[in-house]
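J.: Listed here are the chains, written in short residue letters.
Protein chains: 2
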Amino acid sequence: VTLVTGTRWLNEQEQAFWRGLVMAGKSALADVEAELKADAGIGFDDYEVLVLLSEADGRRLLMSDLADRLVHPRNRVSQRIDRMSDRGLVRREKCSDDGRCTFAVLTDNGFALIERAAPDHVRVVRERVVDLLSPEHLRSGIEIFDRIHPPKPL
Amino acid sequence: VTLVTGTRWLNEQEQAFWRGLVMAGKSALADVEAELKADAGIGFDDYEVLVLLSEADGRRLLMSDLADRLVHPRNRVSQRIDRMSDRGLVRREKCSDDGRCTFAVLTDNGFALIERAAPDHVRVVRERVVDLLSPEHLRSGIEIFDRIHPPKPL
Chain R
1 VTLVTGTRWL
11 NEQEQAFWRG
21 LVMAGKSALA
31 DVEAELKADA
41 GIGFDDYEVL
51 VLLSEADGRR
61 LLMSDLADRL
71 VHPRNRVSQR
81 IDRMSDRGLV
91 RREKCSDDGR
101 CTFAVLTDNG
111 FALIERAAPD
121 HVRVVRERVV
131 DLLSPEHLRS
141 GIEIFDRIHP
151 PKPL
Chain V
1 VTLVTGTRWL
11 NEQEQAFWRG
21 LVMAGKSALA
31 DVEAELKADA
41 GIGFDDYEVL
51 VLLSEADGRR
61 LLMSDLADRL
71 VHPRNRVSQR
81 IDRMSDRGLV
91 RREKCSDDGR
101 CTFAVLTDNG
111 FALIERAAPD
121 HVRVVRERVV
131 DLLSPEHLRS
141 GIEIFDRIHP
151 PKPL
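The listed protein sequences derive, respectively, from chains R and V.
Quick note: the first sequence uses my numbering, first residue 1, plus one each step.
Quick note: the second sequence uses my numbering, first residue 1, plus one each step.
If we strip away everything but chain R, and leave its shape as in the complex, we get (with noise of 0.2 Å):
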């Protein structure tokens, strides 16, 4: 096949890795976001922003840079505030007079929200991965996950 097509196949190792990259995620995604739509009444997504606004300095990011940290495109970014800020846990806010750029900042009622949310959220992430591995495990998994979708610092 290699001959008529040009195609590389995947070889056995490689499809398992591919295969458990994908199937290793969601399954661990699935239980996490079960947990805390249950507990915290939002979903995986909407967590994430809340955490990396609390981390930030003031509590706030460019959108910008929330979009790249989300590996969401910038629109869906834009749709998302929209809705957490009508539930109150975020608030828009023009970074500069000219107003072309703006900031997400986190409300004190979606920092309470983490504050609430935060244990068990951190137990069901340990009881499904983490706790799971060993630090040379960990270790290597951030080598591989770096590769294939390297951090942008802020």
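Honestly, I wouldn't trust all of these hints.
The list treats identical chains as interchangeable, and a pair is accepted whether it falls inside one copy or across any two copies.
[To be verified] Taking lysine-lysine pairs in the DSS-like style, the calculated list, with each CA pair at most 27 Å apart, reads: (1) 26 <-> 94; (2) 26 <-> 37; (3) 37 <-> 94; (4) 26 <-> 152; (5) 152 <-> 94.
I should point out that these hints are in silico values taken from the structure, not numbers from a laboratory.
This one's a predicted model, so the numbers in the text were calculated from it and none came from an experiment.
Fit chain V to the known structure of chain R by using the hints.
T.: Same frame as chain R, now just chain V:
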């Protein structure tokens, strides 16, 4: 905080791993899925169903076995098979006279679709994931993913 709430918070490495897993999985899958949709008109979940059936004996799997492999609740797999059946890619078949179990069977149309879609799909999986990694990364990743989502034998 640990003393008050009993929560073992994630350290920097643990948090980097967990976020990396989610982000790497999502970002690679988004690119792979965009190509599949543009090229073959199907999402990655449907593609995976076709591939799993194409690799199975007689190009058929029990619905329950398929569900185990897809990290989906069983009722959602059933709906997925209905939709794919409407498009002529798979068909349902009773596996015994009493009709207590059902096979999903790959049709010739379904097989033709993966044959056509596979070369470009594999190219993107290589570019976005597999070719970015060493054999040692692949070996270590498979070990990690197996702990998070243990594979079930057919």
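J.: Are the hints correct? Go through all of them and say.
T.: Structure-based check of each hint:
1. In this homomeric assembly, residue 26 and residue 94 never come within 27 Å of each other (Cα to Cα): the closest approach is 36 Å inside a single copy and 30 Å across copies.
2. For the identical chains of this complex, residue 26 and residue 37 are neighbours both inside a copy (16 Å) and across copies (19 Å), given an alpha-carbon limit of 27 Å.
3. For the identical chains of this complex, residue 37 and residue 94 are neighbours neither inside a copy (31 Å) nor across copies (37 Å), given an alpha-carbon limit of 27 Å.
4. Taking the shortest alpha-carbon separations for residue 26 and residue 152, both the intra-copy value of 23 Å and the inter-copy value of 16 Å come in at or below 27 Å.
5. Taking the closest pair of Cα atoms, residue 152 and residue 94 come within 27 Å of each other only inside a single copy of the chain (23 Å); across copies the shortest separation is 52 Å, beyond that limit.
Of the numbered hints listed earlier, those contradicted by the structure are 1, 3.
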